[in-house]
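Based on the sequences and whatever the hints tell you, model everything.
Residue strings, one per chain:
Protein chains: 2
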Amino acid sequence: VDPFVRKLITEWRKLGLPFSNEVFVVALSGGADSCALTMALKELQERQKLHLRFVLAHFNHGLRGSAGDKDEEFVRNLAVKFGFEIVVKRGNLSSVKSNLEENARNARYEFLAEITENLNAYGVLTAHTINDQAETFLMNLLRGSGTQGLSAMKPIRTLKQSSQRKILLIRPLLRWAKRYDTESFCRKRSIEFRLDSMNEQMNFTRVKIRKKLLPLLEEFNPKIIDVLARTARNLASEAEVSSELLKNFVSSDLRIRDLKSVSSALRQAVLRAWLEKELGNLKGVNSVHIEAIEKLITSRKSGRIIELPKGICIEKKAGKIYLYKN
Amino acid sequence: VDPFVRKLITEWRKLGLPFSNEVFVVALSGGADSCALTMALKELQERQKLHLRFVLAHFNHGLRGSAGDKDEEFVRNLAVKFGFEIVVKRGNLSSVKSNLEENARNARYEFLAEITENLNAYGVLTAHTINDQAETFLMNLLRGSGTQGLSAMKPIRTLKQSSQRKILLIRPLLRWAKRYDTESFCRKRSIEFRLDSMNEQMNFTRVKIRKKLLPLLEEFNPKIIDVLARTARNLASEAEVSSELLKNFVSSDLRIRDLKSVSSALRQAVLRAWLEKELGNLKGVNSVHIEAIEKLITSRKSGRIIELPKGICIEKKAGKIYLYKN
Numbered sequence: 001v002d003p004f005v006r007k008l009i010t011e012w013r014k015l016g017l018p019f020s021n022e023v024f025v026v027a028l029s030g031g032a033d034s035c036a037l038t039m040a041l042k043e044l045q046e047r048q049k050l051h052l053r054f055v056l057a058h059f060n061h062g063l064r065g066s067a068g069d070k071d072e073e074f075v076r077n078l079a080v081k082f083g084f085e086i087v088v089k090r091g092n093l094s095s096v097k098s099n100l101e102e103n104a105r106n107a108r109y110e111f112l113a114e115i116t117e118n119l120n121a122y123g124v125l126t127a128h129t130i131n132d133q134a135e136t137f138l139m140n141l142l143r144g145s146g147t148q149g150l151s152a153m154k155p156i157r158t159l160k161q162s163s164q165r166k167i168l169l170i171r172p173l174l175r176w177a178k179r180y181d182t183e184s185f186c187r188k189r190s191i192e193f194r195l196d197s198m199n200e201q202m203n204f205t206r207v208k209i210r211k212k213l214l215p216l217l218e219e220f221n222p223k224i225i226d227v228l229a230r231t232a233r234n235l236a237s238e239a240e241v242s243s244e245l246l247k248n249f250v251s252s253d254l255r256i257r258d259l260k261s262v263s264s265a266l267r268q269a270v271l272r273a274w275l276e277k278e279l280g281n282l283k284g285v286n287s288v289h290i291e292a293i294e295k296l297i298t299s300r301k302s303g304r305i306i307e308l309p310k311g312i313c314i315e316k317k318a319g320k321i322y323l324y325k326n
Numbered sequence: 001v002d003p004f005v006r007k008l009i010t011e012w013r014k015l016g017l018p019f020s021n022e023v024f025v026v027a028l029s030g031g032a033d034s035c036a037l038t039m040a041l042k043e044l045q046e047r048q049k050l051h052l053r054f055v056l057a058h059f060n061h062g063l064r065g066s067a068g069d070k071d072e073e074f075v076r077n078l079a080v081k082f083g084f085e086i087v088v089k090r091g092n093l094s095s096v097k098s099n100l101e102e103n104a105r106n107a108r109y110e111f112l113a114e115i116t117e118n119l120n121a122y123g124v125l126t127a128h129t130i131n132d133q134a135e136t137f138l139m140n141l142l143r144g145s146g147t148q149g150l151s152a153m154k155p156i157r158t159l160k161q162s163s164q165r166k167i168l169l170i171r172p173l174l175r176w177a178k179r180y181d182t183e184s185f186c187r188k189r190s191i192e193f194r195l196d197s198m199n200e201q202m203n204f205t206r207v208k209i210r211k212k213l214l215p216l217l218e219e220f221n222p223k224i225i226d227v228l229a230r231t232a233r234n235l236a237s238e239a240e241v242s243s244e245l246l247k248n249f250v251s252s253d254l255r256i257r258d259l260k261s262v263s264s265a266l267r268q269a270v271l272r273a274w275l276e277k278e279l280g281n282l283k284g285v286n287s288v289h290i291e292a293i294e295k296l297i298t299s300r301k302s303g304r305i306i307e308l309p310k311g312i313c314i315e316k317k318a319g320k321i322y323l324y325k326n
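Each protein sequence line maps, in turn, to chains X and A.
Per this note's numbering, residue 1 is the first one in the first sequence, and the count goes up by one each step.
Per this note's numbering, residue 1 is the first one in the second sequence, and the count goes up by one each step.
Any copy, or any two copies together, can satisfy a pair, since identical chains are not distinguished.
Derived DSS-like pairs: lysine-lysine, alpha-carbon spacing no greater than 30 Å straight-line: (1) 247 - 277; (2) 14 - 160; (3) 260 - 320; (4) 166 - 7; (5) 260 - 166; (6) 14 - 260; (7) 260 - 154; (8) 320 - 310; (9) 295 - 7; (10) 178 - 70; (11) 154 - 247; (12) 295 - 154; (13) 283 - 223; (14) 14 - 295; (15) 42 - 70; (16) 301 - 14; (17) 154 - 223; (18) 208 - 223.
Simulated from the structure, these hints should not be mistaken for lab results.
Okay, structure coming up:
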């Protein structure tokens, strides 16, 4: 067995995915990553390691004319070669619209969710690699999307809550495969994957990160892809621990004594988490409100009640703070 | 008053620094940043906003021969021009040694701490800017120094605990000034600061980040310096909140019931914080030990006591866990 295939089945086990009696949709663009994933799944099926039904799914955005049609032709031939079912959808996105990339992604994910629901499948498999993790981290960092946005993509997340069950988005290559691995596995099996398939061309920032920025970063550190992906993963798990600790803190009544004994930074974080729990979200809550509640807690002189917008009142009573609506 | 000078006094107030009856040491390399800081302090002194004694400090590493001597001559002339006292030290670092940059930095900080202690000064002022914050963030990110290493430099930290008092390292430009601001303030005052002074040349990675990487990143986002500095600051404050929450969690006895009700990620973080509190540090503690304690907590079948290296025992008793040494 090729190491690529062996690593895939190991990850399959680690992710707790089923080995039989299920349907999986495989997102196939025609690039090296998704071709390698498709081939490896085929080999695991042939070797009786996986007793699953795989349905390939290709979205032809209809934006590149003949190049897009060649991608489609290529994946159709691949499906025939491997004996997999395939579903192709042609989009009718207009290339003049703004937010082209976002529209294309939304249309693609809607298509994937729809097939998965129709087939009552377990989930969608996408071929994101460590490289995608690193590139996404850089994109979010450069965009300034806040520390939450720097958190890593996860190997499994919910794509959609269907009427019957949760539709999962599964990335079985994300934690171990690099683009180099997918390309060399394709070459070993003489699969001439499509270069610059639509998905890759769509985002000019991502392409520039890949072609220009990452080569420069590699001059600083040859292991930069791993470093960035690991950083994203660590930030994600620290954020989870922190958010769970905050939820823990606000799970019971908020005692003035406890709130007084912590730093202002922590007190503000706790108050935000508490308001989010009580109100469902933090819409319309800003730092002025948080500071007003802080003053209610820490100052003896301040009154007993303060009023926030939308008739929300915060009251200090019997050593605790309460929220109610007027 | 020039906006540069006004912003400095505003920050001085925000940082809670004294306005009179104290001595401050000013680290002066001869570059634009430290020249701008020195000039602005002089103007605040002349305008009677600050009634403080400033002593300039310049470290001549003795590594560049005549170029280093020109830096020294330049800062000596500047001191005469401004009527400030100046202390110069010539180092005898060998350029063939490894870790040249680290040795130079250590020698420089030792020198600064020594003067500060001799003068019984309040602290050392350095001229780090938002650009330094952004560059340091990138250096640590590229080096893969872990999420802790991505946290921002702080405007005030302890440089050394002297016998008499805490010696502070203060960065009064860090939160508001960019290199552009220091350079243009120098130009306004016709101060011909030294280009590529020793400190700037010393770190080739930092120079390459400044000259090659940041210009490329600016093509992605013209505000990249601000974005990176803000990211570093946000990561620092989130890390502080998280570490305080963990300390809070382990400040009282660890109850099995509480530990069972949280996620494994949080449980492990809590156990690490608890061991660090009990043992003073985490030397010799690795993930195998953490997982063993976790099993003690979550599994009914496991025994009552487990032994870690160095005779450290963890015991489950009366619904709590305890640590003692054999």
